[in-house]
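Asker: So the chains spell out like this:
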Amino acid sequence: MTAAVFIGCSFIAFGPALALCVCTIAAEPLRLLFLIAGGFFWLVSLLLSSLVWFIAVQIGGSNNASVKKNLLIFGVMVSVLLQEVFRFAYYKLLKKANKGLMTISQEETLPISVRQLSYVSGLGFGIMSGVFSLVNILTDSLGPGTVGIYGDSPQYFLSSAFMTLAIVLLHIFWGIVFFDACEKKKWWALALVILSHLLVSGVTFQNPQYEGSLVPSYIIMMLMATWAFFTAGGSLRNLKLCLMCRDKDFLLANQRPR
Amino acid sequence: MTELSAHLPQFQHGQLTENFPDNHLSNTNDNSERRRHDNSERRRNDNPESETNGQPQNRAQQVVEQDEEDEELTLKYGAKHVIMLFAPVTLCMVVVVATIKSVSFYTRKDGQLIYTPFTEDTDTVGQRALNSILNAAIMISVIIVMTILLVVLYKYRCYKVIHGWLIISSLLLLFFFSFIYLGEVFKTYNVAMDYITLALMIWNFGVVGMICIHWKGPLRLQQAYLIMISALMALVFIKYLPEWTAWLILAVISVYDLVAVLCPKGPLRMLVETAQERNETLFPALIYSSTMIWLVNMAEEDPEAQRKASKSSTYDKQANQIQNEDADMDDGGFNPEWEQQRNSRIGPLESTPESRAAVQALPSNSQASEDPEERGVKLGLGDFIFYSVLVGKASATASGDWNTTLACFVAILIGLCLTLLLLAIFKKALPALPISITFGLVFYFATDNLVQPFMDQLAFHQFYI
Chain A
0 MTAAVFIGCS FIAFGPALAL CVCTIAAEPL RLLFLIAGGF FWLVSLLLSS LVWFIAVQIG
60 GSNNASVKKN LLIFGVMVSV LLQEVFRFAY YKLLKKANKG LMTISQEETL PISVRQLSYV
120 SGLGFGIMSG VFSLVNILTD SLGPGTVGIY GDSPQYFLSS AFMTLAIVLL HIFWGIVFFD
180 ACEKKKWWAL ALVILSHLLV SGVTFQNPQY EGSLVPSYII MMLMATWAFF TAGGSLRNLK
240 LCLMCRDKDF LLANQRPR
Chain B
0 MTELSAHLPQ FQHGQLTENF PDNHLSNTND NSERRRHDNS ERRRNDNPES ETNGQPQNRA
60 QQVVEQDEED EELTLKYGAK HVIMLFAPVT LCMVVVVATI KSVSFYTRKD GQLIYTPFTE
120 DTDTVGQRAL NSILNAAIMI SVIIVMTILL VVLYKYRCYK VIHGWLIISS LLLLFFFSFI
180 YLGEVFKTYN VAMDYITLAL MIWNFGVVGM ICIHWKGPLR LQQAYLIMIS ALMALVFIKY
240 LPEWTAWLIL AVISVYDLVA VLCPKGPLRM LVETAQERNE TLFPALIYSS TMIWLVNMAE
300 EDPEAQRKAS KSSTYDKQAN QIQNEDADMD DGGFNPEWEQ QRNSRIGPLE STPESRAAVQ
360 ALPSNSQASE DPEERGVKLG LGDFIFYSVL VGKASATASG DWNTTLACFV AILIGLCLTL
420 LLLAIFKKAL PALPISITFG LVFYFATDNL VQPFMDQLAF HQFYI
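Those protein sequence lines, which keep their order, are chains A and B.
The first sequence begins at 0 in numbering that gives the first Met the number 0 and counts up by one.
The second sequence begins at 0 in numbering that gives the first Met the number 0 and counts up by one.
There's no promise every hint is true.
[Unchecked claim] Quick list of the computed label-pair ranges, beta carbon to beta carbon:
| hint | chain 1 | residue 1 | chain 2 | residue 2 | range |
| --- | --- | --- | --- | --- | --- |
| 1 | A | A2 | B | A136 | 45 to 53 Å |
| 2 | B | P452 | A | T23 | 29 to 37 Å |
| 3 | A | L141 | B | A223 | 25 to 33 Å |
| 4 | A | N97 | B | N189 | 50 to 58 Å |
| 5 | A | N97 | B | I132 | 28 to 36 Å |
| 6 | A | A25 | B | F459 | 31 to 39 Å |
| 7 | A | M101 | B | C262 | 30 to 38 Å |
| 8 | B | A223 | A | P153 | 39 to 47 Å |
Think of the hints as simulated: they come from the structure by calculation, not from any bench.
Heads up, the beta-carbon is just placed ideally off N, CA and C, and yes, glycines get one too.
Please put together the full structure from these sequences, using the hints given.
Answerer: Below, the structure is given as structure tokens:
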């Protein structure tokens with residue numbers, strides 16, 4: 000494998016996230032902080048889910064490949080649920096922190112709005128998730144080897160990169176919808192987010208039949224994108240104004256906290 | 000430890016540093032009260048101290064109102080200061096990890112330091128555990144002894160000894176270690192180099208480093224040098240400490256840091272209190288400072304300080320010492336943790352007496368005009384070093400490889416963030432090691448043993464969570 004594969008796959012998977020970071024997060028230290036904290040929360044959820052999986056494997060104990068695979072599937076489901084639990088925990092923590100900051104500084108407005116927080120936390124979760132999924136694979140792609148020499152799919156790296164991209168973007172959208180649902184107590188929306196996460200992880204069980212896994216994931220991602228867009232206050236009118244550079248709110252957005 | 004002081008002379012090469020001076024978030028309240036009497040410099044130093052120092056220096060009467068204002072400013076600018084510390088810590092870790100991954104010299108076992116005499120190549124696990132415990136115990140006791148020696152030297156005013164010690168340490172670090180590092184990098188990349196060019200390069204690097212660190216120089220250059228020497232020191236530790244010993248030492252050092260800084264009879268605390276009693280600043284230590292703009296605050300000098308400033312226009316040791324001591328007191332923030340080679344900022348710090356004199360000549364409305372945004376934060380170099388040791392060891396020896404490295408990295412950053420938050424809440428000197436190192440160690444072992452097999456299996460089947 001070559002450097003081209005490495006660079007290509009890393010940019011496929013992390014290009015949008017990097018662009019988002021550079022354009023929206025890098026300038027504001029508070030957002031960067033919450034991004035890293037979001038990543039930390041995802042990491043803790045991963046730790047706990049690996050612990051659960053590890054214990055299950057120790058109890059399950061057999062060397063049977065299918066039993067192992069089933070335990071892995073169980074681990075994946077537990078992991079998804081724990082991630083959502085930690086997203087909720089992060090939401091609670093952010094609310095408290097924001098409230099604390101507001102009372103101490105005696106200002107009328109929050110230093111950072113819940114919407115921004117939902118975006119930032121989603122991005123944090125997404126980046127950590129993507130990085131942990133892909134980084135070891137990327138380092139392997141730099142070294143020597145032939146992909147698929149034992150009959151596995153030769154598109155391993157490319158499909159991994161695309162799947163990671165989908166997951167990263169999905170985490171952003173899930174974050175936005177999730178926080179909004181928590182704010183407005185729309186529990187059905189919450190359940191839908193969790194279900195869609197489970198669904199996306201579930202379709203990856205069909206790998207290496209990538210049509211079965213990548214296509215549904217991207218469809219779900221598009222649906223979540225539109226849902227998140229409308230949840231965050233977007234509308235067709237806004238979109239039109241923005242694209243034609245006539246949206247005054249957007250043009251002034253950088254000049255005041257929202 | 001309150002205040003900053005913390006410059007404890009470093010230990011000689013091969014020793015772990017003291018945690019002392021590092022990690023002390025200064026207690027701005029304490030400082031402001033004490034400074035009431037002493038004016039200026041101390042206060043000045045306060046500012047850079049860390050976000051807690053959002054507080055401008057105040058007179059005693061203003062302390063209360065200032066506190067409230069300051070809290071608000073602290074929180075507002077707290078995030079900025081946290082990021083100002085994240086950047087150099089990240090950079091140091093990146094340098095260490097990049098070196099570990101590319102230059103094999105630092106992962107090769109070429110013996111051990113004399114402070115860790117017991118080998119870990121033993122037949123049984125029990126023996127290995129015992130040896131590593133003994134190694135860690137020896138190392139920690141060496142550190143404790145050196146710390147106490149330092150406190151004693153300071154108490155009996157043997158300043159020249161301490162200064163000489165510090166200068167020798169920094170010379171060793173800047174010339175010898177960087178020479179070895181450069182040699183190994185050249186070997187790795189198969190670059191042909193002659194001794195004459197090498198000598199010129201090392202000479203320039205070292206001399207500019209000494210000047211920047213001990214005297215004055217551009218802020219960015221000074222920061223870069225401090226990061227480089229922290230990375231060099233961390234690499235030495237990574238190379239010469241065997242595995243279990245390294246982890247144990249990290250754990251014990253964070254406990255020691257906690258004890259030394261917070262206990263009433265802790266050596267670091269005693270050192271700071273002695274310095275405060277004498278109205279001196281502690282010896283300059285390796286402290287990473289993110290800004291020099293605190294010079295502006297020096298304008299409100301007391302005549303004494305001004306005299307000192309004008310007196311030491313040359314490299315007068317005595318005057319410099321006093322200047323530095325004053326300045327050091329101001330160096331609040333995290334008290335630097337002394338690493339083995341500690342450069343003393345015996346010479347003027349970023350601000351030299353000359354610069355201070357120049358600033359002092361300015362009209363002194365500094366208190367009112369202090370811009371909280373310009374206040375910087377300081378972190379001891381020992382913290383840099385131990386964070387980098389943790390992450391470097393994780394990248395060198397972990398089976399989870401990059402996952403483990405990244406997990407430790409994030410854990411350390413979050414620990415640092417929590418420490419700064421505690422600093423903002425408690426406003427007194429706090430050690431910066433314990434929380435970060437604890438998180439780092441927990442995440443290292445958890446990721447290496449639990450997460451890595453899980454992620455491995457997931458990647459094998461291409462499942463995504």
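Asker: Against this structure, judge whether each hint is valid.
Answerer: How the hints compare with the structure:
no. : hint                           : result
1   : A/A2 with B/A136: 45 to 53 Å   : holds, 47 Å
2   : B/P452 with A/T23: 29 to 37 Å  : holds, 36 Å
3   : A/L141 with B/A223: 25 to 33 Å : holds, 29 Å
4   : A/N97 with B/N189: 50 to 58 Å  : holds, 55 Å
5   : A/N97 with B/I132: 28 to 36 Å  : violated, 46 Å
6   : A/A25 with B/F459: 31 to 39 Å  : holds, 35 Å
7   : A/M101 with B/C262: 30 to 38 Å : holds, 36 Å
8   : B/A223 with A/P153: 39 to 47 Å : holds, 45 Å
Of the numbered hints listed earlier, the single one contradicted by the structure is hint 5.
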